[in-house]
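Chains as they are written, first to last, in the working numbering: chain S, 1184 to 1530; chain W, 1184 to 1530; chain G, 1184 to 1530; chain H, 1184 to 1530.
Quick caveat, the hints were computed from the structure, so don't treat them as lab data.
Check each hint, because a few of them may be wrong.
All copies of an identical chain are treated as equivalent in the list; a pair is satisfied when it fits inside any one copy or across any two copies.
[To be verified] Here are the simulated lysine-lysine pairs, BS3-like style, with alpha carbons at most 27 Å apart:
id : residue 1 : residue 2
1  : K1490     : K1316
2  : K1316     : K1491
3  : K1490     : K1238
4  : K1491     : K1409
5  : K1489     : K1316
6  : K1490     : K1409
7  : K1232     : K1491
8  : K1409     : K1238
9  : K1491     : K1238
10 : K1489     : K1238
11 : K1316     : K1238
12 : K1232     : K1490
Please read these numbers as outputs of a predicted model, since none were measured by experiment.
The lines below spell out each chain.
Protein chains: 4
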Amino acid sequence: MMNMIRFNSDYVEGAHPRILQRMMEENTIQRSGYGRDEVCESARARIQKACAAPKADVHFLVGGTQTNFTFLSAALRPYQGVISADTGHIAVHETGAVEACGHKVLTLPGRAGKLDAGQISEYCREYFSGSEKEHIVMPKAVYISNSTELGTVYTRNELLALRGVCDHWNLYLYLDGARLGYGLAAPGNDLDLAFLAEVCDAFYIGGTKQGALFGEALVIVRDELKPDFRYFIKQNGGMLAKGWLLGLQFDELFRDGLYMELSRHAVSLAMELRQALTEMGVPFLVDSPSNQQFPILPDAHLAVLKKKYAFSVQQRVDDTHTAVRFCTSWATRPEDVAQLIGDLRAL
Amino acid sequence: MMNMIRFNSDYVEGAHPRILQRMMEENTIQRSGYGRDEVCESARARIQKACAAPKADVHFLVGGTQTNFTFLSAALRPYQGVISADTGHIAVHETGAVEACGHKVLTLPGRAGKLDAGQISEYCREYFSGSEKEHIVMPKAVYISNSTELGTVYTRNELLALRGVCDHWNLYLYLDGARLGYGLAAPGNDLDLAFLAEVCDAFYIGGTKQGALFGEALVIVRDELKPDFRYFIKQNGGMLAKGWLLGLQFDELFRDGLYMELSRHAVSLAMELRQALTEMGVPFLVDSPSNQQFPILPDAHLAVLKKKYAFSVQQRVDDTHTAVRFCTSWATRPEDVAQLIGDLRAL
Amino acid sequence: MMNMIRFNSDYVEGAHPRILQRMMEENTIQRSGYGRDEVCESARARIQKACAAPKADVHFLVGGTQTNFTFLSAALRPYQGVISADTGHIAVHETGAVEACGHKVLTLPGRAGKLDAGQISEYCREYFSGSEKEHIVMPKAVYISNSTELGTVYTRNELLALRGVCDHWNLYLYLDGARLGYGLAAPGNDLDLAFLAEVCDAFYIGGTKQGALFGEALVIVRDELKPDFRYFIKQNGGMLAKGWLLGLQFDELFRDGLYMELSRHAVSLAMELRQALTEMGVPFLVDSPSNQQFPILPDAHLAVLKKKYAFSVQQRVDDTHTAVRFCTSWATRPEDVAQLIGDLRAL
Amino acid sequence: MMNMIRFNSDYVEGAHPRILQRMMEENTIQRSGYGRDEVCESARARIQKACAAPKADVHFLVGGTQTNFTFLSAALRPYQGVISADTGHIAVHETGAVEACGHKVLTLPGRAGKLDAGQISEYCREYFSGSEKEHIVMPKAVYISNSTELGTVYTRNELLALRGVCDHWNLYLYLDGARLGYGLAAPGNDLDLAFLAEVCDAFYIGGTKQGALFGEALVIVRDELKPDFRYFIKQNGGMLAKGWLLGLQFDELFRDGLYMELSRHAVSLAMELRQALTEMGVPFLVDSPSNQQFPILPDAHLAVLKKKYAFSVQQRVDDTHTAVRFCTSWATRPEDVAQLIGDLRAL
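Please build the complete structure, drawing on both the sequences and the hints.
Put into structure tokens, the structure is as follows:
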């Protein structure tokens, strides 16, 4: 496994060298604990600026699952639940962490990983028109991800429609941005951070998969969600003693545009792969414009490929074909993608 | 605050340079996620060896609060609680994280931060002899820390007595080792890791305060506590995507004796400070042989000191005196301690 | 609303007169609290006998939701979930009580309210063959109801198949018997209590909808689920101070066959209604052999009916038709059913 | 045990005959479920009137533990806790139900079962002046009981002081009235329901120990605590399908002053017992003016008494003496108290 070329996920390497370099330089500076230090302040300011949201609260947490359940446990009362696509990370891959906090995840069928406003509207209309509502979990938040677990991205119009339905039914709109940069770098994307800060009540900017060693930056826009949030972080184990380690990484990622530069790198390589596969006539499980690609390949070919490449199995498609996932990342080497394309062509 | 010399805690600096160096060297190696990699395997093996416990399970988590509530939520059924000294970290400084997992912390009065077997025996005898036990939380685990929150350390005999009472009442014995090295390096200490692995059902070896950037190594000795523990880590947000970052730090700390070397450094400086204060006739809140010292100083002197040094207030003692805490760490500079002693003498 | 004839549910009246009579007779007898009294003992013995399960533990709780979440919180570890049909009461109508205890309800599409062994087998095979299982909630119990929320009933063969798949995947089989008597009284039913005590790990015998004022009798068959269950009852608010009130009701229901007698009464009247509707050519949402009937009726007819009868709306079927629910109960008067049939025929 | 005279608690009999009589009379009236019926409406109106609080929300729950944790889980956010005397029922005898909902019970030493404003003020001043508050559970509610677990009662002035400190620190004041009537009937009492509705944010009027079969009436005065409370009741298993059973009992208790009449009966008999014991020179563990009396008696005498009477052991006082509890209730027969007094005198 050591010499394998890994496309199985986007967190197989460490961090961008600038981050490590700065960690080394500032290693012996004594700082306050728990995210109350100058580096975190600087990183917060950079993110507020990037989001054109000077009043947003920015918190740094360690990982995505932690960020999701910590935010949702703050946003929801005990009898309230969160609407998610059935493919949503909180619905599938977080070991029921949201439920462990006491909240039901109300799943609706995802459309290529996305929710649309119509679904939520219909769900809420039925719920809120009921006569014995207190027997049923009340929807109070909508969870979406961008890019989604299937690599797809939302458009401005789609998010505006979701915002509208959330306003109508008094729901929070929360966006999981574990792969936010890869979504924003997708060809055709029309979102940006400032728009997200307008349209969402809260969202997080992923670091772990986007060039940091670890860490996610939660941006809370809605005022009523801000008070006492640090209690939730601490109680849920997300308050790093040396919080400046988180601040430092985001400070670096949001200085000089590094975050988007790294994101574009990954997407550009993914587009090369997509282009090559398309030219080979390979079908895709879903049409993804971002760093995750889901080609459907013959099992025989996969058996050959897996001797040299790590990738992940998404789902069986028929008796002889499987949809798999290839991820690029900020650290992916162009020559590795070229080699993969070459090997795919040879098959 | 930037030019202040910080003795307020033992997590004010980064990590030992060897750790950062190795992070840099291995930054681009592609690895499996979630702690299933070669570096974590190596670190686990080193810790098992240091503990003379080849069958122990070793898990790496991100922080102390997280480690405590994750372990306790795995060890306890919903109606069971954990006995702790009233000064125990889980009882005071973790925002009720154990309660947030549904479990009562059953506090007994600490004796200089420690529990003794007699207290627990008495508590359990009364509890288990009751006629309507199901109306009262059942004690099922004992939480201790070493060194304690007051810097004190347990002896072999004390731990053997605790083990005895735990066996008698069928309780788990769990040791919080956030400052384990500093405890083991204390003058007069007669514990070692192998003994802890014999006497405890589980304990953790702290990294955050002991030379790592972050991270704690949980050692589970008791077989019945081992199954499915990774589910608990993931559900509670403690499973780092790049788990090798945790492994790497402990691999380095447990190679060539670095962990104890750093611990001895901190304690040695703390002993210098203690010696000097004692010579000055300064009384202490508690007699601590480890890296935390709790002198009782005149408020007037503290007002002067705090212009130059950061320390933490422990408690008011009388109208004109306060017990404060000075911490040394693996990174404390001898010249800073010398300067502090000089300034104390001058007052 | 006062003079309306209620078919909207099966808990619209009080209790069978024998129960009230006995309550009055024994009102001033002083008894031990919390279910540790002679009446509860007698009722437990009767239920054990009816189930041919002398070693089963029998606990009396106050209501169905409480019984479900109390049992499941005892049966599941924090990372485990319970499989349910998407129409299951715990999945829909208990305000997320199971999630509030921390557990995900894993819904599979119900087949007329029932789960089949094949679905569960497929779900578990996929789950347990996964490589990163700890990221996903582990299925550990199967929740079924009989009669179901749609009035349908399981057969012996179906339950044996479920038992088989539960054994294979190490799942508990739990049956919600809120309407157990009505299921057992259904034409064609081949189950009985003794069979349920063989095939299930636990189940409850409903009282609230079956002739009692309130109360459910939980029968725990599997040994490993028995210890300390009273702690769960107390912690979850289900331990009635005057527990003998629960015992007394079940003691009466299980003396002289009253429980099944009442059940047959309700089902017999439901069958009259079904027969009449069938003769009228009215279609049904589901073919129910028990006390709940789900005819699909023209909205115009329903508008007339609702002036005189209470019934509940199940779902819209098309622009002009709605499936509604008529429930009979142990207390339903034959003349009321006759009148309803007459009115339906007149429409 | 059957022929024993029970003074061990105040829930050893059924209900006042008027309640049973009315249950019988109204048994076959068909009613809406879940507390949305005319009887509950009537009972709510009577309680609002008795409390001079026409805008208070009144909810009927089944038992005391359930009422306490349901209310507190609605009142507290996840990081908030409730202050209680260390003798408080929620702190001792509810199997950690409040913690099972995620909230720490912050215990302060009770003074004869009561909290005073000074304690709470001191606790809050220290807490809210802290610099790292988010590491510690935030106090948000104060739990008191009246009469207390030790039979003592609060005065108007004491409650006004508590109200003041709650206002100052933004805490809810919640009163557990499991034995509220017995407290209000105590000689020297200067409280009444209208005063409680002014001074508390919420409180409950106990039924179980006060003449009902079961049931507690929760009165929510503070507006911000009212919304969606029925969700909490349902989710926590407290929503009785035949909710009118609860309404009916309180409707009867609060018609014609029955509630206080029964309370005075119990207290009057307790005062006879107290008077007699005092005349015999028997000391008391606590000076209780209500239906619970805690004499300290020689073990030799208790050994004789327990052949004929049930009572409960409160605590060992010295090697030869034990404090025990004798409870009277609405149903206690004067001749039984007379007999007990006679037997005590004979010893």
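Results for each hint:
Taking the shortest Cα distances, K1490 and K1316 sit within 27 Å of each other only across copies (23 Å), while inside one copy they are farther apart (55 Å). In this assembly of identical chains, the alpha carbons of K1316 and K1491 lie at most 27 Å apart only when taken from different copies (25 Å versus 55 Å within one copy). Taking CA atoms no more than 27 Å apart as the test, K1490 paired with K1238 passes in neither setting, with 51 Å inside one copy and 32 Å between copies. Proximity of K1491 and K1409 under a CA criterion of 27 Å is satisfied in neither setting, with 48 Å inside one chain copy and 34 Å between copies.
Taking CA atoms no more than 27 Å apart as the test, K1489 paired with K1316 passes between copies only; the shortest distance there is 21 Å, against 51 Å inside one copy. When the C-alpha separation of K1490 and K1409 is checked against a cutoff of 27 Å, the pair qualifies neither within a copy, at 49 Å, nor between copies, at 33 Å. Taking the shortest alpha-carbon separations for K1232 and K1491, neither the intra-copy value of 43 Å nor the inter-copy value of 34 Å comes in at or below 27 Å. In this assembly of identical chains, K1409 and K1238 lie within 27 Å of each other by CA distance solely inside one copy; the values are 10 Å within and 31 Å between copies.
Taking the closest pair of Cα atoms, K1491 and K1238 never come within 27 Å of each other, the shortest separation being 49 Å inside a single copy and 34 Å across copies. Proximity of K1489 to K1238 under the C-alpha cut-off of 27 Å is found in neither arrangement, the shortest distances being 49 Å within a copy and 33 Å between copies. For a Cα distance limit of 27 Å, the shortest separation of K1316 from K1238 across copies, 23 Å, qualifies, whereas the shortest one inside one copy, 36 Å, does not. In this assembly of identical chains, the alpha carbons of K1232 and K1490 never lie at most 27 Å apart, being 46 Å within a copy and 34 Å across copies at closest.
Against the hints set out earlier in the document, violations occur for numbers 3, 4, 6, 7, 9, 10 and 12.
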